[in-house]
Each structure stands twice: as C-alpha cells, then as structure tokens.
Amino acid sequence: MPAPLLRSGAICKTYQMPDHRARLVLDHLDFTLGDGQIVAILGKSGSGKSTFLRILAGLVPPSDGVVEYRGHPVGEPVHGIAMVFQSYALFPWLTVLGNVELGLEAQGIAGAERRRRAVDAIDLIGLDGFENAYPKELSGGMRQRVGFARALVVNPDILLLDEPFSSLDVLTAETLRGDLMDLWDARRIPTKGIVLVSHNIEEAVEIADRILIFGSDPGRIRADIPIPQPRPRAAQGAGFRQIVDQVYTLLTETGRDGRRGAKPEPIGIGYRLPDAAVQQLSGLIDNLSEPPYGGRADLPHLADEVGLGMDELFPLIETLQLLGFAHVSGGDIELTTAGRAYAEADMLARKQLFADALLKHVPLVVHIRRVLDERPGHRAPAARFLRELEDHLSEEEAERVLDTVINWGRHAEIFAYDYDSEVLNLENF
Amino acid sequence: MEQRWGLPLVAWPRRLRPNTWDLVALPLVLGLLALIGWGSLAMSARYHVGQPLVISLDPWRLPEYALRTVLRMAWALIASLIFSLAYAALAAKSRQAEKILIPLLDVLQSVPILGFLSITVTGFIALFPGRLLGVECAAIFAIFTSQAWNMTFSVYQSLRTVPAELIEAARMYHLSPWRRFWRLEVPHAIPSLVWNMMMSVSGGWFFVVASEAITVAGQTILLPGIGSYIAVAIEQKNLAAIGWAVLVMFVVILLYDQLLFRPLLAWSRKFQPESSASEENVRPWFLIMLQRARLFDLVQAGLLGINHGIDNAIARLSRARPPFSGRRSQPSFERLYDITVLACALAAAAWLVVFIRAHVDAAEIGWVFVLGMITAVRVLVLIAVASLVWVPIGVAIGLRPHLADRVQPIVQFLAAFPANLFFPVVVVLILRFHLNPEIWLSPLMILGTQWYILFNVIGGAAALPAELQRAAQNLGVRRWLWWRRVMLPAIFPAYVTGAVTAAGGSWNASIVAEIVQWGNTVLTATGIGAYIARTTAAGDGARIALGISVLCLYVLAFNRLLWRRLYDLAAERLRLD
Chain X
1 MPAPLLRSGA
11 ICKTYQMPDH
21 RARLVLDHLD
31 FTLGDGQIVA
41 ILGKSGSGKS
51 TFLRILAGLV
61 PPSDGVVEYR
71 GHPVGEPVHG
81 IAMVFQSYAL
91 FPWLTVLGNV
101 ELGLEAQGIA
111 GAERRRRAVD
121 AIDLIGLDGF
131 ENAYPKELSG
141 GMRQRVGFAR
151 ALVVNPDILL
161 LDEPFSSLDV
171 LTAETLRGDL
181 MDLWDARRIP
191 TKGIVLVSHN
201 IEEAVEIADR
211 ILIFGSDPGR
221 IRADIPIPQP
231 RPRAAQGAGF
241 RQIVDQVYTL
251 LTETGRDGRR
261 GAKPEPIGIG
271 YRLPDAAVQQ
281 LSGLIDNLSE
291 PPYGGRADLP
301 HLADEVGLGM
311 DELFPLIETL
321 QLLGFAHVSG
331 GDIELTTAGR
341 AYAEADMLAR
351 KQLFADALLK
361 HVPLVVHIRR
371 VLDERPGHRA
381 PAARFLRELE
391 DHLSEEEAER
401 VLDTVINWGR
411 HAEIFAYDYD
421 SEVLNLENF
Chain B
1 MEQRWGLPLV
11 AWPRRLRPNT
21 WDLVALPLVL
31 GLLALIGWGS
41 LAMSARYHVG
51 QPLVISLDPW
61 RLPEYALRTV
71 LRMAWALIAS
81 LIFSLAYAAL
91 AAKSRQAEKI
101 LIPLLDVLQS
111 VPILGFLSIT
121 VTGFIALFPG
131 RLLGVECAAI
141 FAIFTSQAWN
151 MTFSVYQSLR
161 TVPAELIEAA
171 RMYHLSPWRR
181 FWRLEVPHAI
191 PSLVWNMMMS
201 VSGGWFFVVA
211 SEAITVAGQT
221 ILLPGIGSYI
231 AVAIEQKNLA
241 AIGWAVLVMF
251 VVILLYDQLL
261 FRPLLAWSRK
271 FQPESSASEE
281 NVRPWFLIML
291 QRARLFDLVQ
301 AGLLGINHGI
311 DNAIARLSRA
321 RPPFSGRRSQ
331 PSFERLYDIT
341 VLACALAAAA
351 WLVVFIRAHV
361 DAAEIGWVFV
371 LGMITAVRVL
381 VLIAVASLVW
391 VPIGVAIGLR
401 PHLADRVQPI
411 VQFLAAFPAN
421 LFFPVVVVLI
431 LRFHLNPEIW
441 LSPLMILGTQ
451 WYILFNVIGG
461 AAALPAELQR
471 AAQNLGVRRW
481 LWWRRVMLPA
491 IFPAYVTGAV
501 TAAGGSWNAS
511 IVAEIVQWGN
521 TVLTATGIGA
531 YIARTTAAGD
541 GARIALGISV
551 LCLYVLAFNR
561 LLWRRLYDLA
571 AERLRLD
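In order, the protein sequence lines correspond to chains X and B.
Start counting the first sequence at 1; every next residue gets the next number (this note's numbering).
Start counting the second sequence at 1; every next residue gets the next number (this note's numbering).
Pulled out of the complex, with its shape left as it was, chain B reads as follows:
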C-alpha cells in the first residue's frame, strides 16, 4: 500500500472527489453552519424574568430578527420530525401503545396551539433558570405543536399501509428490524411526510409570529424575532415598520420554499411507487446542486456509514439472542390493560374538573360554553362565506390547467404567509370607520386559512377527468344543473379536506383574532378565543385550563359530528375511480 508520512494512503473514492458544484456548495454550507451556531448561542443568552428585552424597530435589524425566527422554525421542524418518526413507529408497532397514543394524538390535535404556550411556558423557564433558553424552548414547543401532530398522523398512516408483499420481501431477505425501518418503512412514509411537513410549516409561520411575544403572569417577554418586532410596532402604532416586517417575511418564506421544500418535494418523488402523470420534470436548481456537489456525497456516505454501523451492532446483538416467536398477548391481560388505561383517563378528567371547580363557579363554566358556541357560529359562518367566494373562483381556475399550474404555488404561498401580520391593518380600518368589532374582527380568523379551501377546490376541479366534462357538455348540462350534478359532487371530497383544514385553523386563530390591539386601543369580540387570551395574559391557571378544555371539546365535537361524516360521505359516494 502506498504510504505518505508513515500513514497508508487511502484511495479517495472517485465519486467523493470535489467538483465545481462544490465551489457553490462549500461556502453555502459553511455560512449556514456559522449562522446556526451564532443563532443558537444567542438563544441561550443570560436572562432573568422581568428583565426587559429591547426590540428595535430599525428595519436594518430585521434580517437578524428574521434569522432568529427562522432558526426557531428549523428547530421546531427537526423536533417534529424526530417526534413523528418515534411516536408513529411506537404506535404502529405496539398494539398496546397504539390504544393510548392514537386517541391522545387526536385530542392533542384539537388543543389550540397557543394554549400549549400558555400552559408550558412557566415550566420551560424553570427548566433553564437564568437563561433565555427556557423562553426560546417554550416558543419552539408552540411551533412544534403546530406541526408535529399531523406529521405524526401521516407517518402512522404510512407505516400502517406498507404493502404486505414488501414486508414479506424484507423478511425473506433477512432485513433486521432497524434496517427494515430505515430501508422500507421510512422511505415508504416519505412522500406524504414531506407533503405534510410543507403544510405544517405553512401553518407554523402563523404561530411563530404569535409565540414570540409571550406573556407570563402579566409580564410580556419579547423574544428577538419578527413576531416581537410586529408586537412592538403595534404598541408604537408604527405602520411603516409593519410594512417592513411583511416584506422581510415575504422573502423568508420564499427562501424556505426555494431552498427547502421545492428540493424536498422533487426528491420525495423518488419514493413514490409509480411516477404520476402530472409530475413536473423540472428539478429545482438547489436540488441539482445538492445532488451534483461532491460535498454532499461525502455527508451522505458518512450518514450511511453511521446507520450501517448501528445496524451491524443491532444485528450482532439480535444474533446473540434468539428471536422471540409468535408471542400473543392473553385476552385477560388485554382487558386488564384496557381497564387501566380507561381508569387513568377518567381519573385525569376528574382531576381536571375538580381543579377547575375549585377556582371557577358553575355560572362562569356555563358562560364559557356559551362563548364557545359564539366562536363556533363565527367559524361556521366564515367557512360558508369563504366557500361562497372561493368555490366558484377555484373551479374557474381549476378548469384551466395552465392557469391552475401558475396559481397553485401562489395560493400555497398565501396560505403560508402569517395572516397575523395583517391584523394591525384591519384594526386601523375598524377604528377609522368605527365598525363593530364583534362582526369585523371575525374575518381575521379566516384570513390565513381560507386559502386551503381555494387550494383544494382548484386541485379537485383540475382532477375532474376531461371525459366527464365532455360528456356533460355533450348532454347539454349547463348552469345550475351543471353545478349540482357535475361540478359540486366532483370537487366535494377535495372541498371537505380544504374546509376541515380551514375550520381547524380558524379555531386556532380565534385566540389571537378575537382580541387585537393598536397602540393602547384594545378591540375585543366576544368569544372563547378572547377568553383564553385574556386569562392567559392574567396568568389564571384554572381559567386557562377551562377555556382550553372547552375549546378542545368543541373542536372534537365538530370533528366527530360534522367533518368526519362529510369525509365518510365523500369517501364513500363521491370518489372518482
């Protein structure tokens, strides 16, 4: 073997030698690492509750704030990713775990995201005394809660639907469980995981903005970021600053889309069993760079090596121990397990009721249910109005394929854009024209989520087979009959998906939309969102719990009684296949 300085000279594999793409890739990666390092350091700066954090409205500070916001987003996304894989794997592999984890996920999904923030922030601060990290963690956790649940559901669904023959093939060719997870189950989950991740991040921007200005027991903590910048701008009635923030947010989301999700989406197509007809063959420039630059081959080789090492270690371990065979749990044990789980759930519920009843009287509890009803009416009316507006427009766009291709990314972008950035503008208008806040604050709830309806309707209309359209034309089906018999049934499944997402988002948004501020002026709409926001600001634990529980119940009830049924109807009768 060739030697240099007494060490064997290992042949550098050809595919790992640098090429010209590395000229771009290397500085980019190093710069990114430096930024992450700097931002992470800043996250753990010293801090004591009560100490004011100064946010400057100087637009030149905005890039820095944007970076801090983006980093929070990134950490939350990484946490969500790890969480979703682990949680879903556990739920899919163990029937006992599944019985707890899946209903729990269903409930977690209906807890308003900003509710998590009010509940957890004190705990996180206590976890890292004397450091900003606790507050940062609380904010990241809030963003995490806006993303993790639906990503987890998607992974769980995928894990449950791995084709039986692929599992058999994996077993026939002796893949260890670890390898099976990474070579079969995770790849199978990737397409829908990436799609859900993109959707989650869209929703996440809203909450990143809302969670940076945290109120803990009457104390407002402003984490450096775009959200805090906006909060300060609102306090100082500075419309120009809000304009700058909107601009920067626009750029940030555009970059996220270009650098992260376009490449991810293109890459995830590799994991689909069949190439779909509508597949766009344009590969994003960033992905091309990633795939060509040798630097990333090196990283990939390293990661694969680590994975391989773990796998071999596990394989050695499992060879040492004979595999268990055909373990089947006893029915009696299972019944005992079910009873225990049920008892725990009941005990928790009872404890919650006792805790709330100790601080709040029955009349107020009743009132909170009424507040929930008021918000529910708002959500339903808003969905109806948004549907009346967007369904015809969505159909018109969807029937023109070229237009649809161009409009879809824009709509997606609009859905990602945090609508709360525009709240101040609406408030200013309400004040200016002396409008009734009970009515005119409501549209804020759907400002950001209406796009899901449009997006899905466009998708549904575009998916209607051309033959069906021709057939309808041929039969002379027109106007109202056409809507009733052709178009509405055709887009119904897609529409329901969009409406469910929009409704869920609106419930969540009610917490920030029913109470808004402009300088010292506070506008309030009666509703459960305002109730939660007020009690959170006051740090009133029992009432926060009450508000969130009631909101949760409403969301769950709506999901079960309304959306689930529409879903089933759509799946049963109006499928196109």
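Chain X on its own, in the form it takes in the complex:
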C-alpha cells in the first residue's frame, strides 16, 4: 500500500513558559490526508489549529511526533506542499507576475519557462490583465487570487489554506471559493489534497470532504466528521443544515474536558476567559429575548441574524454560559432565569446583575477583589495578576485575559483601574 499523501503521527507542541515550565498546546494529533480529499479544520481561537497547519507545512517544528509527506519526513518546507495565507503575504515591491514567479525563481527555473508558467497560473485564477500591477493596487479578493496563483504555479500536491477567505467580505469570499472549487472539481489543478483552516462553519461544510473539530487547552482532534454529499451542496438543503447543526453542537455543547454533554466544571483562576465585550453581551441577550426567539434560538440561525462569524459569536456564547446567563444544548441556545432577568432589567440593574454573575462564576474576579480588599491601600499593580496568569497561559493570552477581566470588573464596578500607573484599586467605591 502506498504511503498516504500527508500524515501526522502523535504531534505534540509545547511552549516554554517564562519560568521554564512547558505548556502543552497541541496534544497527540494523528491525522491522515488521503488522495483527492479536502479536509477542513474548525476550532475556537486558541485551539492551535493554525499552529498545526504550520507544523504540517514544515514551518514550525513539532515538539514530538512526525509529519510525513508521501512517506518522507517533513522537517522544513518541502516541494509539493504550498500554502495560502490569511493576510495574503504578498511582497509589496513585486508585481503580480513577480510574486507568482518568485517560487519558480527560487527553484532555479529559467526565464522563458518561468514566465510561461506564471502567466498560465495567472490566467487560470482569473487575473489576466493584472500581471504588471502591484499588490497595493488590487482589492483584497484580487490579492488573495495572487496568493492562490503563487501557490498553484509550483504545481503542489497539497494546498494548505490558512483562513484564506476570512479577510474578505462575504460576497468576494464566496466568489473566490466557488472559483477554486470549480478548478478542483474539474481537475484543472494538479493538487491532490487540501487542508483548510477556517472559522466559518458554513464554508467548511460547503467544500470539505471531512471536518476535523479541534478542542482547546490543549488542542486536540475532538471529532472527525465525514461529509459524503457530492458538491456543490445547496446551503439550504436538509443534509447541509443537519451537518451545520451537528458542527455547532460539537463546538459549543461539550464540557471543557471534551466529554459530550458534560456539565461545565467550575473554572480556575487561570482559565482562558473568552474575549467578550459587555456591550456585545447585552446586545446578544436582547436579541435572544426578543421575537422571533423569545429566549431560545437555533445557533446557526442566530449567527446569521446578528451577522457574526464563529470567531466573534463563540466567545460571546461561552461567556453567557460562564456567567450562567444562557445554556447551550443540541446546537440551540436558551436564556436561563438569570439571563431573562438581565434582559428585562434597566441599565443600572443590569450592572448589578452582571457584577453578581461575575462574583459568582469567575474566580479571577473574586481573586482580584479579595486581594484588593486585603491590601491596606486597596491597590495592587496589574503586573501582579499578570504574573499569576502567566503560570497558566502564554504571555500574550495572559495579557488578553487580564484586559478582558479588567474591562468586565470596571463595568461591574467591582474594582477600578488606572491606565497610567497600571494599578488596580478600589477608589471611589
């Protein structure tokens, strides 16, 4: 039996923490990409899906485990695997043609041949006429077409796509995706397999043969859902909606330990709090409590209605769950009694309800408040809490979580914060 196109075995990735402890971000990922497959990877932000894609590409070395491309280990970028980037990653000083030719030039392919292949790739992806334009002259959609042309011109076996459509508006993304799928389905490109990292559930269900759902902390494959339906798939078809519902359920319902249907366990101080603004939370609760939902909504429907993508909506939903304002099951979200009370309260009462919920459900807020209460001057530098968070989270994540909790705490008037001195305090209380 020939070696699979791309295989990863027991991939682990750990990062060194400032205190030399190791933090696990990817935990034993086993994955095989077969010939002719499109695999989409979905997961919350911070689940390490982008890191995993870079390990497959040979850009980031795994701490443990192997990546094999047709049986050969991948230790660094290899010929045969090309990548398309979220922010296009085009060289601004090179023209469209120059960008597309660059990969061929690096392979040492001579001038005339190089030119011919680049022009062919540009024509294929629908960029003819723009050969001599600089990227800054092009719209986002056109730029990403250059990104695709640059990847396709080297005739890759495997295309790795890192959220290639997420910087584009909905219509542009749809057009580009459609064009790519036309090329793929008509076998006009030599590519044998595609791995797509996405945060758009509909997009994944529309084009993938398989969807991998990543769990967070540490990142691992929680589910592997095959999609047997032939493309193109009608977005309103019953089968399509069913899979979308299933994916939503998987992404929202499970407990943090990955057991399906488990009740969320109490969280610790170092929990990676989701990135949610209070205004947005209020807006979402309002939306949920009003018609047509009346307190209960189908998640895909709600996402459509409020116009938020998965990466924006999920942190809000997780926060509502954390604070006990809502409950999610079977791809549906329902306001709890506390949530309904919040929806009916006026601005001041909402503040109080929010504060109560924080003190009841978020240990970090309780911890900060206790430290401030105990200190004689009721003041503590933010850096103190940052250090504590860094025991559990990466430097970047720790800062983000502290920012989030400071915003919540200020809104709820549980504590105050002085930006200039970076000190948390209980002034004016």
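Misleading hints may appear alongside valid ones.
Claimed, not checked - Covered, in the sense of this in silico footprint (three residues per stretch, anywhere, with C-beta under 8 Å from a C-beta of chain B), are these stretches of chain X:
id, region
1, 76 to 86
2, 356 to 369
Unchecked claim - Calculated from the model, a selection of chain B residues having no Cβ within reach of chain X, i.e. all distances over 12 Å:
id, residue
3, A79
4, F83
5, V186
6, I190
7, G243
8, Y256
9, I339
10, Q517
11, N559
Unchecked claim - A short list of chain B residues far from chain X (calculated; beta carbon distances all over 12 Å):
id, residue
12, G39
13, Y173
14, L399
15, L403
Source of the hints: derived by calculation from the structure; they are not laboratory data.
Just so we're clear, the structure is a prediction, and the values are computed from it rather than from any experiment.
Idealized CB from N, CA, C, for every residue including glycine.
Keeping the supplied structure of chain X fixed, place chain B upon it in accordance with the hints.
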C-alpha cells in the same frame, strides 16, 4: 542561429535597446564617472605630514573644492550603507551578536562625531604613509560616523519587523537565505532606510565642513574642500569668501536633493505595503529619466545577473550540505557568553580609567564633569528657547496644509545646511558689539539643529485629524485651554522626536561652537565642547579620551533619564490611533 564575423548574433532584448532618454543619460553618467575618477585620484595624491596644503580663496576654485567635498560625502554614504546592512543583518540574525552589537551601537551613537576624528586620524595616516589618502579616510570616517549609526538602527528595526507571514511565505517557496535577504528583508527596510539616509546626510554636511580642516598634534591639515576654504577664509578674515562658500554650498545641497534624494524617496514608496493618502504623485524628473533611459535597464540587468549568479552558487553550496535543523544554544553556554561579554566590557572600562588617571589628576576629572554640566545646561536652555519660538510657528504652519507642503522642503533644506558656515558671521557680530561669548556663542550650538523641532512640529500639527479640530471648535475650546488640551498633546510625540534630534545635534555641535575663531581672535565659552576642541588641537590623548568619555556619559544619561521617558510617555498615552 544568425552569425556575424563567426560569432553568434545574440538578439538584443527589446527593453535594452537605446532610446532618446539615453541621449541625456549617457553623457551624464560618463561625465559623472570621469569626475569620480578624477576626484578619487586626487584623494590619493602624495603627501607627508607637515607639508602645507595650499587652499586658494579664489572663488573660481570653489567648484573644484565643492566636488571634493561632495565626493567625500558620497564615499561616506556608500560606506554607511554597506556597514548598516551588514551590521544590522548580523545583529538581527544572531542573538549572541545582538547582545554586543546593539548596546555598542547605542554608545557609538552618543560619542561626539568630531571625537572620532581626533581619535582616529593618526591611525589612518599611519595606514597610508606618504599619501593624502590617510587624511582623506579620517575625514570620510568622521562623516561616516555621523551617518552610519542611525541608518543601522533603522535597518535593524526593519529587519526585526518583517511581517511573520512574509517570512513564512519566503520559506514556503524555498527562498535561499541570500535571496531572502535581498528579496524580502532589504526591500522591507528600504523606505525607512532612505528616509534615515536623507536625515543623516543633512547632518553630515555639518561634519564634512568641520572635518576637512584637521589638526593633528598641533599641525593643521587642510584637505581641499569647502570646509578648508572656510577655515582659510576665517584665518584671513575674508567675509566675501565666506559668502561665496555659502552660495556654493547652497547649490551643492540643492543638487544632492534634486539628483539623489527626491528620486530615492519617490522610488522607495514602491516598497511600502500600502500607498499612503498623503503620497505626492509627482515623480521627480531625474527618476523619470532613470526609469526611461535604457542605459539603466542595462545596468540593472547586469546587477540582477550578478546577484542571481551569487544566489545560484549559494543554493548549490547549501544543497550539497544538509541544512542544520533546530539548533538551540545551551543555557549554560549562554550564561558563559554573557559573563565573558560583561567581563570584556568591564576590563575595557577599567583600562580606560587607568589610562586617564595616569595622565590626569582627580581634580581635573571633576572639573571636566562640571564642564559637562555647564554644556548640559546650555543644551537644555537652548532647546527650551527654540521650542518656545518654533512650536507656535510650527503649529501655525502645520494647520495650513498648503503652506505646510511648501514650507517643509525649505525647513528640510535649512536643517541640511551646515550651520558652521555662518559661525564667522556671528563671531563678527559678537566682536562688533562686545557681547559676552559665554552667552552669545551658545546659540551656535542650536543654529543648525533647531530646524528638526520646527520640521517635526509642522508634521505633528498637520497630522492632527481634521475631525478633532472641528470637535474642539464645536465645543468652544479656545486659547490656552486649546493649547493645553488639544494642540500640545497632539504634537507631543512629534515634538519629542524633534527635540531629541535637536539635543543630540547640539551636543555634537558644542565641540565646534564653544571655541570659534576670527583671524587671530579666539572666542571661548566654558564647556566640555571647548575642552575637547582644545585638547584635540594639542594632541593630548588622555585628555581627549577623558573629554569624550564624559560627554558620552552625559549624552547617555540624558537619553536614558529624560528623552527615553518622554518617548515612552508619548508612545503610551498621546498616540493618535
């Protein structure tokens, strides 16, 4: 294949065939080459220390002198360019090297530029015995030191901030390290490098003038150039000659600006990821010629060919050798390395102290610190006075976009103009009105550098969003409240940048501004600049080292304690975004 005289006739690519622009370009380039050749020959003329070099005050000799000065400038610029790329690349690629190179750069930056000249000139003369080249090199080195450091910092910053996805793309598409450097890292660095180069050259004119008349162990060597011309004019009290020199300098700087920097700036925009809104679309005529004339395509094709050849050779080499993977240095090795570096630094410092103490007593060392304090007070007062004058004027100009567009190039030009050309005029005035040199020599220090404050304030005021201005108007914020709550905070970041540059320049200028001459009359202001100038003229090694070390310490202390903090404050709180 077609043949002629037994050789295959290679098709001449269409884009390399000559066109009408070449009629202009070809003579220009050939003439330029001839001038460079002639000037370079003259640089290596025979010479022995002690032999007098005669500088004529005949205005007709000025173009020749100007050319020699310009060539010095050009060599220094080329050297700075190569140095900055190599040094920054090393610092950005190797963590070990970075630990030494970056602090070293920080210190080098605070060494007064004319200090380098006093330290290095004897060494350079020894390097080329019997030739003028040694002295030329010393002068070029002095100019180099006025440009290289900040260009290097700019390249280093750029190399550190190459977008991660671009690096990943370069790796994904198998660019070799050499190609990655030239196709990704250098292009990314170009916009800020060109801008810094322009700023450096502005500062460089000051030092080119100051470094041509070099005093080595009591012997004054006058290198043919505008600076020496001025020196002789001062000696002979010839105001008319100084007028001619100013005129020629004016033309030279104008040409440099038109032929070099306008085209370079326009060209460097190509390397910016996004076109900025304020981008002027006028392309300088010289750039148009460069881009249209086929001659330059030929040159470009040649250069690209060479680069390509090197790249292929490297690629072949690296293919032969398997690439190393994931080398990570041991923590213990790193600690050892840190300790060694620290020990070397301490040893060097100790040696310096011993060397100075062997020749100079403690009382004098203390006195030099007092001198440094006096100069420091001068610099701060001057910055304050210049700010009081230029901030309101800069804001007034900056709020009128059309005026600002027209004034900015003029201010830039003023900043580039070597202020030391005007020193004699001030001296004459001081003598005429019997003014106190302790006070009235001080303005000389800021004569050339005050423009940075004006330039940056105009820029800062112009960048204030119109909406904020309207909002302030709408709320009826006026007069003092407007300054306090709207304008001053808005221009603060830009102002700090300008003030830092002005202060740095003033420290440097103190060496030439605290002692000035007119004929046989010498005016001195008490300060560390005068101390360094005097000891340099006397060739007193230990005292030169003392003076420069103390000045260095002051500059470093000011940077750390004052400017860095203001910078952080500006970056943290008063950013407009």
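Evaluated hints:
By the rule of at least three residues with a Cβ nearer than 8 Å to a Cβ of chain B, the coverage given for the region 76 to 86 of chain X holds, with 8 such residues. Only residues whose C-beta sits within less than 8 Å of a C-beta in chain B count toward coverage, and the region 356 to 369 of chain X has 0 of them, not enough to reach three; the restraint is violated. In this structure A79(B) is separated from chain X by more than 12 Å, as the shortest Cβ-Cβ distance comes to about 25 Å. Separation of F83(B) from chain X is adequate, the least Cβ-Cβ distance of about 23 Å exceeding the 12 Å criterion.
Under the 12 Å C-beta cut-off, the non-interface status given to V186(B) relative to chain X is violated; the minimum distance is some 10 Å. Interface exclusion of I190(B) from chain X breaks down, the closest Cβ pair being 8 Å apart, not more than 12 Å. Listed as a non-interface residue, G243(B) keeps its Cβ farther than 12 Å from every Cβ of chain X; the least gap is roughly 45 Å. Against the 12 Å criterion, Y256(B) stays outside the reach of chain X, whose nearest CB is about 25 Å from its own CB.
Non-interface status of I339(B) relative to chain X is upheld: no Cβ of that chain comes within 12 Å, the nearest being about 20 Å off. For Q517(B), the condition that its CB be more than 12 Å from all CB atoms of chain X holds, with the nearest at approximately 50 Å. Against the 12 Å criterion, N559(B) stays outside the reach of chain X, whose nearest CB is about 23 Å from its own CB. Residue placement check: G39(B) keeps its beta carbon more than 12 Å from all beta carbons of chain X (closest about 33 Å).
Residue placement check: Y173(B) does not keep its beta carbon more than 12 Å from all beta carbons of chain X (closest about 4 Å). Listed as outside the interface, L399(B) is consistent with that label: its C-beta sits roughly 29 Å from the nearest C-beta of chain X, beyond the 12 Å cut-off. Remark: the non-interface label on L403(B) is consistent with the geometry, its nearest Cβ contact in chain X lying 30 Å away (cut-off 12 Å).
The structure is inconsistent with the numbered hints 2, 5, 6, 13, although it conforms to all the rest.
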